[in-house]
Amino acid sequence: MSNVLELQNVSSFYGPIQALRDVSIEVPEHEIVTLIGANGAGKSTLMMTIFGQPKAKTGRVLYYGEDITGLPSYQIARKGIAQSPEGRRIFPRMSVEENLLMGAQVVNYEDYDSNLKKMFKLFPRLEERFAQRAGTLSGGEQQMLAIARALMSKPKLLLLDEPSLGLAPLVIKQIFGAIRDLNRETGLTVLLVEQNANQALRLASRAYVLVNGVLTMQGTGAELLAKPEIKAAYLEGGH
Amino acid sequence: MSGLLDDLKDSASVGFFALLIFGPFIGLRLTDNDAGNLGIATRPEALALAVIAVFAARLLLLTWSRYRPAKTTTSLGTQVQKTGKFIAPALLVFAVVMPLLPGLPNAYIDLGVLIMTYVMLGWGLNIVVGLAGLLDLGYVAFYAVGAYSFALISAQFGLGFWECLPIAGILAAFWGMCLGFPVLRLRGDYLAIVTLAFGEIIRLVITNWVSLTGGPNGLLGMPEPTFFGLRFSMAGGPGTFAGFFGITPAPWQRDAFLYYVILGLALLTNWVTLRLRKQPLGRAWEALREDEIACRSLGINVRNTKLTAFAIGAFFGGFAGCFFAARQSFISPDSFTFIESATVLAIVVLGGAGSQLGVVLAACVMIGVPQMLQSLQIYRMLIFGIALVLIMVVRPRGFISTRRPTVLLGKKPVAIGAELRAEGRG
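Those protein sequences? They're chains A and B, same order as listed.
Each residue of the first sequence is one higher than the one before, counting from 0 in numbering that gives the first Met the number 0.
Each residue of the second sequence is one higher than the one before, counting from 0 in numbering that gives the first Met the number 0.
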């Protein structure tokens, strides 16, 4: 099976501070890959490094075998990688429709109408809120919008940075359900970064654990879920 | 009635502070007696009056806020938006017929030209500040570049106003890009500082490059705009506007013509802005204002988006500068000081950044009101300042702070007033 994305021994720095050390991960096509880790482990840095900000200081980022390490962010996005950034970052003063239009800009509004229908099917709430200012949506709706906005560019790879952040358990379930449906129905490849390890690992066919910028564990989602040290460190209560 | 007692106490303490502040300012007065010595006279009545006024005003404000009816949710912004459909065309019709009104003193047409110039500058800066969200404190630089380009090119190559206009715009846009490149990575306060410095640099270069720009003495003798090749001259005769149409030459013809030129230029700016807002580029500007990081992750080329905002904003600033030079026939660095940048920025912010109609209203207030208050002499700026403070208290996000979506598929847009808008991304 071919890898959509591959990181080979990537190290990233913020100024003199090293945030990632020799991180190597593989994201095979049509799979959901999860990266879990605590606050400050470097999860978001990894996401941003894939997008070229900061650029990886050493190592390579491969996308379908092509080296994209040195490319500027907007060119990486044009290759078919979409990102729902940490904290959602929707455009609050613009309407839901305008937000979605912004997502489609990179592919020049190709298949805009049919994509929009798909998004409404995936997140019916967005259709209800279509003309509304995005800043007035609830947190869950904003997260749906952020994912839909990313999907409007018809990506081959979707990067999701903590989609469960600050949301109620029921809404998290809904969003994770939508991610699973997307993956099953369209075969979309997803790299999911999460603190919410329990749910994220259930979703993942492959998972990595990041601690202080270093990968400490990997395996299938089920394998990691079963490991006692994962239970102790990342699953609340530990049982 | 403990509420009233509290209000009285509060008002009394405010009155006391007024006494402390006004004591030296109003209560004491320098006099000079017959012997030519300075003395100090006291004015207890005036002081008492001021303190009582402050006390009464505070008490009134408190009582009013206690008993006023509950706030309704319709904001001024939405009301203006509702009536905005009529306000904008009505203003436009008024702007078009204004110089033709019979018996209108020439001074009013002059004032109209002045206000229109600032409306145009405001609309130009609105692209940079209102749409793209880049705080530019040096907009006057492009105004100056436009004016000096026109003055120098017309003198060197004997070109007229209309030939120089696009050149001045393009040169200003070029300098807009020059400013844009170094500040690409800056935001907010830091961007403001650098743009402020840029405005000063341009002014200082103009002041000190005496051999080219004439330095502080300025340049004069620029050609005036012509009406399809017809000049405006009091002498009349062939080749002039009055001579061609066989009418008696009068000063108002020239003034009215200048007015229509700047009106046309301003409307062009407005039209381009409104068109661009509906295009991907304009939407990207607004998205950039909202969240730069999100723009990057959506594949927006942030560098080019910012540079086009600077360039197009500067382009129209250059147009306005070119017009200014042609109208004055004299320019000097004194016309391009920081206060001009500040005035234009104030117009944009007071109007509610991003709103085109707001800029017009704010330009009328900022430029028109001080002129109207001429007769009040020394109190003019005092009243003007108080008025501005009051406006910002009542409408902290500017006259028109509601933003209408640029696209409407299917449903009616729901405009949401500034009062209900969360500050961050809530």
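These aren't lab readings, by the way, just hints derived from the structure by calculation.
One should not assume that every hint holds.
Unchecked claim - A few chain A positions that, by computed beta-carbon distances, are all more than 10 Å from chain B:
#1 68
#2 72
#3 77
#4 93
#5 97
#6 100
#7 101
#8 105
#9 155
#10 214
#11 217
#12 220
Said to hold, decoys possible - Output of the computed footprint for chain A on chain B, the stretches with three or more beta carbons under 8 Å from beta carbons of chain A:
#13 27 to 41
#14 52 to 65
In this text the structure is predicted, and so the values were computed from the model without any measurement.
Quick reminder that beta carbons are idealized off the backbone N, C-alpha and C, glycines included.
In rising order, the numbers of the hints this structure does not comply with: Violated hints: 2, 3, 4, 5, 6, 7, 8, 13, 14; rest satisfied.
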